[in-house]
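Trainee: One-letter residues, chain by chain:
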Amino acid sequence: MWNQVEQSLRESMSRVFTKIAMLLPGILAFIVALLIFIAIGWLFALIARRLLLAVKFDERIGRGSNAISEWSPTYTPTLLVTRVVFWGFVIIGVLLGLSAFEAGSTEFGISAYVLPYVPRIVGATIVLLIGNVVARFLSRSVLITAVNLNLSYARLLATGVKWLVLVLTAAMVLDHLSIGGEIVDLAFGILFGGIVLALSLAVGLGSRDLVSRSLKGETARPVEVPQPEKLHHF
Amino acid sequence: MVKIEFPESTRKKLEQIGAADLLIGITGAVSADELRTKVDAAFAQGNSFSKIVVASAGTETTDDLVNDADSRFHYVTYPLPLQDSGAVPWGEMGISQRSVLSIASSIGAQVCLVLHADANALQAQTIALLVQPVIENKCELVTPIYPFGKYEGLINSSILSPLVRALYGKRIRQPLPFDFSVSTRICSRLSQGDQRNGYTGPLLVWPATIPAIESATISQAYLDVQHPVHTDGLELSTVIAQLAGSAFLEMETHAAHWQRVRGSQPTPLWGTPVKSSTSSEPVDARPMIDSFLLGSSNLEEVWRLVLPPVTLLELKRLTRLTPEQFRMPDALWVRIVYDFALAHRLRTISRTHLLGAFTPLYLGWVASYVQEVAAVTPTAAEQRLEQLARAYEDNKPYLVSRWRWPDRFNP
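First to last, the protein sequences are chains A and B.
The first sequence begins at 1 in the working numbering and counts up by one.
The second sequence begins at 235 in the working numbering and counts up by one.
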């Protein structure tokens with residue numbers, strides 16, 4: 001009895017080691033492909049950086065428009081381009097590494113399952129990054145504008161805008177990854193509709209008196225004489 | 235700056251006119267009849283100029299005006315260049331001023347007199363005050379001093395004028411002049427414009443900064459002229475962003491020059507000071523203090539990216555004061571301006587956000603100032619502004635240190 005158990009364990013261990021041995025060339029091929037493309041990416045990013053600095057890319061872009069610097073003030077256009085080049089090569093390395101992994105191992109179907117999903121992951125990551133940047137930018141814009149308009153609920157407004165954009169981004173990301181299916185659409189619709197309804201009710205109820213007073217008083221209101229401004233900033 | 239190009243008809247007319255003694259350029263459209271009436275009135279008592287060219291913006295023909303070879307007066311119109319001049323009224327004025335300077339430079343005028351679009355300054359006394367120093371005293375730039383009350387021109391008094399003085403070493407009261415005169419050399423230099431660095435808005439204080447950098451002889455004239463600025467529908471934050479943004483950008487462009495400048499020199503004054511006709515009644519500072527407090531409670535996360543910890547601590551202390559006690563020390567305000575200028579250069583955050591976050595701080599300074607000068611005479615208020623200007627100069631080493639080593643020097 002004990003001998004049979006020992007025999008069985010030995011056989012299963014042997015199968016595990018065989019499996020690992022069969023996967024090793026594939027993993028090695030994946031790592032080699034990834035490292036090669038990281039090196040190529042680094043080299044191309046370096047060349048792109050030198051080239052863009054030589055043609056004064058930042059100055060040319062800055063002269064035409066401030067859009068890039070407005071949205072991403074800490075990164076120069078050159079830095080953004082070099083990073084895109086580098087990470088583009090890394091992504092290509094990952095894709096080729098997966099193909100090499102499949103070719104190097106006896107297991108089939110991994111790349112057939114993973115590869116079609118990779119562009120979705122890349123797309124979703126880009127959507128997530130852009131959504132975050134947009135949420136942060138819009139939130140700060142709303143906060144500063146609301147403060148300059150002397151709105152006491154400036155922070156609330158800014159936080160609301162930020163979360164609206166983040167919720168929209170999250171829904172887009174999940175939709176892009178095909179996770180959740182119609183539940184995400186439905187949940188997002190309910191959430192977004194709920195927020196808009198809540199805001200409408202808040203504004204409607206809050207300004208009810210104001211509207212009725214202004215409608216009543218419009219006809220009987222005396223003509224206001226504008227007071228001369230005592231303070232002149234310019 | 236974009237090079238000013240004139241249409242063929244304007245160029246031909248300027249070639250026909252040839253060299254002139256004086257060019258008077260109006261930075262806006264004035265009807266031909268009104269222009270003639272004002273010019274006739276201004277020169278009714280005679281003058282020593284043999285040829286005077288009067289240029290105004292617009293497309294209205296001036297051919298029906300006196301324009302023959304025997305007359306001393308020649309009229310010409312120039313089109314306003316199609317360029318995004320920004321939302322503020324000064325943007326269009328800056329482009330028109332450059333057009334006038336380009337015309338003067340192209341005909342080699344000995345003196346170029348640039349006047350505001352409303353032509354209110356087109357009068358004998360003003361022309362004499364602005365032109366005589368250039369002809370008789372070899373001044374190369376004469377800027378105006380308008381009769382401002384103690385609550386007028388506060389952006390100029392708190393930011394533009396003391397900043398230009400501390401940076402470029404010239405005590406110019408109105409670095410954003412509506413009316414000024416220049417000699418041939420400075421006219422030629424100003425018409426070339428300035429190099430811009432990633433800025434699409436209008437540059438505004440160049441009539442003062444470029445001559446200061448060129449070591450021009452600058453003087454100022456007291457003018458009894460008012461130019462109402464139409465700012466209806468304009469947000470204060472938009473105006474501050476345009477004016478301060480422009481000054482900060484010019485700081486960046488001329489950094490190599492102003493870092494070598496120490497102290498400031500007074501400029502000769504012409505004419506006699508004119509009293510302002512505006513009211514000097516005390517102003518309620520509470521709304522401005524409220525704006526400052528609202529900014530302090532909401533924008534601290536933005537200010538923290540721009541201002542060093544010591545400054546944030548002092549601002550925090552200000553928020554605990556009662557409205558009657560509310561006073562912003564000069565050194566604190568000056569360092570705030572310098573830190574925002576540095577953040578503008580470093581692009582610490584988006585420039586739109588940066589300049590937007592500056593408005594509550596400015597209102598804090600205004601609140602402090604109006605409370606300080608509420609009970610004093612306009613002359614005493616002027617002295618108070620002089621004290622602020624000295625604070626700008628005293629704190630310039632702080633700016634230079636932070637500008638050169640923004641990471642290492644962060645008190």
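Simulated from the structure, these hints should not be mistaken for lab results.
Heads up, some of the hints might be wrong.
List time: in silico SDA-like cross-link candidates among lysine to any residue, alpha-carbon distance up to 20 Å [unchecked claim]:
1. A/K230 to B/S340
2. B/K285 to B/S340
3. A/K162 to A/T125
4. A/K230 to B/K285
5. A/K162 to A/T145
6. A/K56 to B/S340
Derived, one-sided and incomplete: chain A residues facing chain B with beta-carbon distance under 10 Å [claimed, not checked]:
7. S8
8. P116
9. Y117
10. P119
11. G123
12. S141
13. I144
14. V147
15. N150
16. V167
17. H232
All residues carry an ideal CB built from backbone N, CA and C; glycine is no exception.
Trainee: List, from low to high, the hint numbers that the structure doesn't satisfy.
Mentor: Failing hints, ascending: 1, 4, 6, 7, 8, 9, 10, 11, 16.
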